[in-house]
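Number of protein chains: 2
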Amino acid sequence: MTISNAVTISVGDELLAGETLDTHGRTISTALAARGCRVLQHRVLGDDVADIAAAIVAVTAFADLVVITGGLGPTLDDVSRESLAKAMNEPLVLDVAAEAHLATWYAGRGRVMPAGNIRQAMRPESATCLENPHGTAPGLQARIGRALVVILPGPPSEMRPMLEGVLEVELPDAPRPAIVIRAFGIGESDAAERIESLMRRDVSFPVSTTVSQSLLSARLRGNGPDDRDSIELLAAQVEQAWHPFVFGRDEDTLASVLGGELAKCGRTLATAESCTGGMVGAMLTEVPGSSQWYPGGWVTYENNRKIEDLGVGAKLIELDGAVSESVVAAMANGARHRAGADYGVAISGVAGPGGGSVDKPVGTVWVAVADDAGIDARCFRFSGGRSVVRDRAAKTALQLTRLRLRGDESDLLWQRDARS
Amino acid sequence: MTISNAVTISVGDELLAGETLDTHGRTISTALAARGCRVLQHRVLGDDVADIAAAIVAVTAFADLVVITGGLGPTLDDVSRESLAKAMNEPLVLDVAAEAHLATWYAGRGRVMPAGNIRQAMRPESATCLENPHGTAPGLQARIGRALVVILPGPPSEMRPMLEGVLEVELPDAPRPAIVIRAFGIGESDAAERIESLMRRDVSFPVSTTVSQSLLSARLRGNGPDDRDSIELLAAQVEQAWHPFVFGRDEDTLASVLGGELAKCGRTLATAESCTGGMVGAMLTEVPGSSQWYPGGWVTYENNRKIEDLGVGAKLIELDGAVSESVVAAMANGARHRAGADYGVAISGVAGPGGGSVDKPVGTVWVAVADDAGIDARCFRFSGGRSVVRDRAAKTALQLTRLRLRGDESDLLWQRDARS
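Keeping their order, the protein sequence lines are chains A and B.
Residue numbering for the first sequence follows the numbering used here, beginning at 886 and increasing consecutively.
Residue numbering for the second sequence follows the numbering used here, beginning at 886 and increasing consecutively.
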């Protein structure tokens, strides 16, 4: 009885009222896809017995696996248990082991169990309870026809380990090999052209690309453990095609990779930020252990701070403006020298919505990297609103620093000749 | 023919593969709820004609309105158009006005329309096309039985204005009055107790609370325009009960509200950050026009930066440690004086995962606010991983500054007596 496809159902009025964003659909899809199980549909339903029961009956007619999350709590609006019983046409009975678990849980916390909570130990007669190590509500597992139905509690910290437990038993094959390649600074269409033959739908492992928060990802996935080498080979091809814009894989961030490279060669980086206001420092210090390679930086939002803290010439600002090649270069160099760091990176730009001009429209940002070999200052023209411009500017600063560190020379997306 | 309930459907293989998080369900639910229309179900389907057509037939049997997003693009895996035709049992015909729109769109961009894109001008015979001002794909609108079916393109920037256009025609009543109260620094159960009578389900407008990213929200919603005064009165009650932790409403952020108050009294604020590494500066500068009240700040991650840039005594750091009352107070005062600002706010803590000790475990963070009346330094013990600790520390710094500015004295959640 192999499980090759599934339907997922999230239960909760708050999900349909627009109050809470349902993320379980994606979490479960990702976990199922990793084990070779295809999700056919995802449904979001309110706390209503008739609706949930009808959906269970409908989808068990065609799906191998139905994963339901939510509606297992102790209050009267938690009705997933009753809905499953109705769909199975069975009465609810008390599960003795689940009752004992509930009693232990409350006793261990020195609390008296509210009387109504005994509902959580009920199950449809032929269903079994799934142990919940991180909460009071046990999960439920049952068969309807040939379909396996699983109900898991809504809180992610309880749901995720229980889901893994179910999948280990029901989909015991090793997860399919999967690699995500992460890149920044290359356009999606340019990137797609470079790997066109790998993206065709008729190859064994078609590569798909997505862009999220200006980061470009290529997803590669095999069908089974035997495909590991093929996927690794494919990843190397994508990495080569997208060189030097690829910075890492899977959970890597620009900051974590840059930090790793700085640590490896025992070098340090200081920051000087104007329009990003501390975002680069915040990204760098999100990396555990960043104190090893990040001494700190300056948020020089007003011109006086650039002059007093980083030694930028007042005359330079007056002549060229704060958003200029000369000022951003002086900022990067100033940060590097004052912090006694090997590298200095600086950003100065017009994030908008105000402050733009004909010469320097909103989105114009200068980024400079300084080291003992000199200063590389470049002009960018970012599209998007204030948040997007700032985010792209901060990530560009990290990528430019990474490229400088590696000696990889390349123009980045959004780069402009300042004189054009 | 009033529309009182709806089903929403998001279409796209990438949504079921776990690659992309579906957010249209929530966006549309929120917009419909604001106009008094209840969402009964949300479904996510792959790019499959049979599946989509079957779902349309199933849900039009009971819903007044069906809003479908996605699958209107020019490529062959975009099949929402064909699916609607199949559900309606009608042929697809060419819409002359839509064809003209397509031609104009490409001509205006100096591009030749790819031949296959003419598909986007097709519609089921009795359906009408909905103009798309921001893209090539027109939407579709049709009747199946008494249900209204609307298909909108997937890109949010195209979908949202088209949705508003449909709702203005089909649900013309004024949106229901709704207010969201935003608070920070009070626990959810404490907050719920303070407004217990307002949260009961049997009152006219029950208040619901949620916590997201450590921000507490109370949601209030009336049934029609006549309830505006009642909702406003209710909001005032919640604001009073949660005083002084309420910082704003709806889209307000701690930074935008603090910035507004600084601007109003013509004062300025400088920052000195250690474990948050620039997050407070980044939050403050996310507010347009922040240069009016934010001169800048220092990211003093290593001790030398605290000493050289902010004038913190080396002896203090040696004696008390960098995470201490004396050092954070000196940082706040140093930032204030060096920037010539009215207020200085400083953060120094142990964000983890390393660096904790018995005296100062991971999550211990000192926050200080300095002004001409003196320095207020407090110790916090934040739970959660590195990201959560840093986010809470940064928001606490903003809230403490706001409270100091207003002269509201109060202990915040997570605050600890440093000597205990």
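Among these hints, one or two may not hold up.
Simulated DEER-style distance windows between Cβ atoms [as the list claims (entries may be wrong)]:
| id | chain 1 | residue 1 | chain 2 | residue 2 | range |
| --- | --- | --- | --- | --- | --- |
| 1 | B | Asp1257 | A | Gly1292 | 35 to 43 angstroms |
| 2 | B | Pro1238 | A | Ala1121 | 30 to 38 angstroms |
| 3 | A | Pro999 | B | Thr1013 | 53 to 61 angstroms |
| 4 | B | Phe1090 | A | Asp1244 | 50 to 58 angstroms |
From chain B, some residues computed to sit far from chain A (all C-beta separations above 12 angstroms) [what the hints assert, rightly or not]:
| id | residue |
| --- | --- |
| 5 | Thr912 |
| 6 | Val929 |
| 7 | Met998 |
| 8 | Glu1010 |
| 9 | Arg1106 |
| 10 | Leu1118 |
| 11 | Gly1145 |
| 12 | Val1184 |
| 13 | Arg1266 |
| 14 | Arg1291 |
| 15 | Ser1295 |
For the record, the hints were derived by calculation from the structure and aren't laboratory data.
Built from N, CA and C at the ideal position, the CB exists for glycine as well.
Hints, one by one, checked against the model:
1. Look at Asp1257/B against Gly1292/A: about 51 angstroms separates their beta carbons, and that is not inside 35 to 43 angstroms.
2. At about 32 angstroms, the CB distance of Pro1238/B to Ala1121/A agrees with the hint of 30 to 38 angstroms.
3. At roughly 55 angstroms, the beta carbons of Pro999/A and Thr1013/B sit within the given window of 53 to 61 angstroms.
4. Between Phe1090/B and Asp1244/A, the C-beta spacing of about 53 angstroms keeps the proposed range 50 to 58 angstroms intact.
5. Once the 12 angstroms rule is applied to beta carbons, Thr912/B is inconsistent with being away from chain A; the minimum gap is 8 angstroms.
6. Interface exclusion of Val929/B from chain A breaks down, the closest Cβ pair being 4 angstroms apart, not more than 12 angstroms.
7. The Cβ of Met998/B lies farther than 12 angstroms from every Cβ of chain A, with a closest approach of about 17 angstroms, so its non-interface assignment holds.
8. With a least beta-carbon separation of about 28 angstroms from chain A, Glu1010/B lies farther than 12 angstroms from that chain, consistent with its non-interface assignment.
9. A beta-carbon of chain A is positioned within 12 angstroms of the beta-carbon of Arg1106/B; the least distance is around 9 angstroms.
10. Annotated as non-interface, Leu1118/B keeps its C-beta farther than 12 angstroms from every C-beta of chain A; the closest such distance is 22 angstroms.
11. The beta carbon of Gly1145/B sits about 16 angstroms from the closest Cβ of chain A, which is more than 12 angstroms, so the claim that it is off the interface holds.
12. Distance check on Val1184/B: its Cβ comes as close as 4 angstroms (rounded) to a Cβ of chain A, failing to clear the 12 angstroms threshold; non-interface status is violated.
13. For Arg1266/B, the non-interface assignment is confirmed: its Cβ lies about 19 angstroms from the closest Cβ of chain A, beyond the 12 angstroms cut-off.
14. Residue placement check: Arg1291/B keeps its beta carbon more than 12 angstroms from all beta carbons of chain A (closest about 24 angstroms).
15. With a closest Cβ-Cβ approach of about 27 angstroms to chain A, Ser1295/B is found to remain outside the 12 angstroms limit, as its non-interface label requires.
Violation of the numbered hints given earlier is confined to hints 1, 5, 6, 9, 12; the remaining hints are satisfied by the structure.
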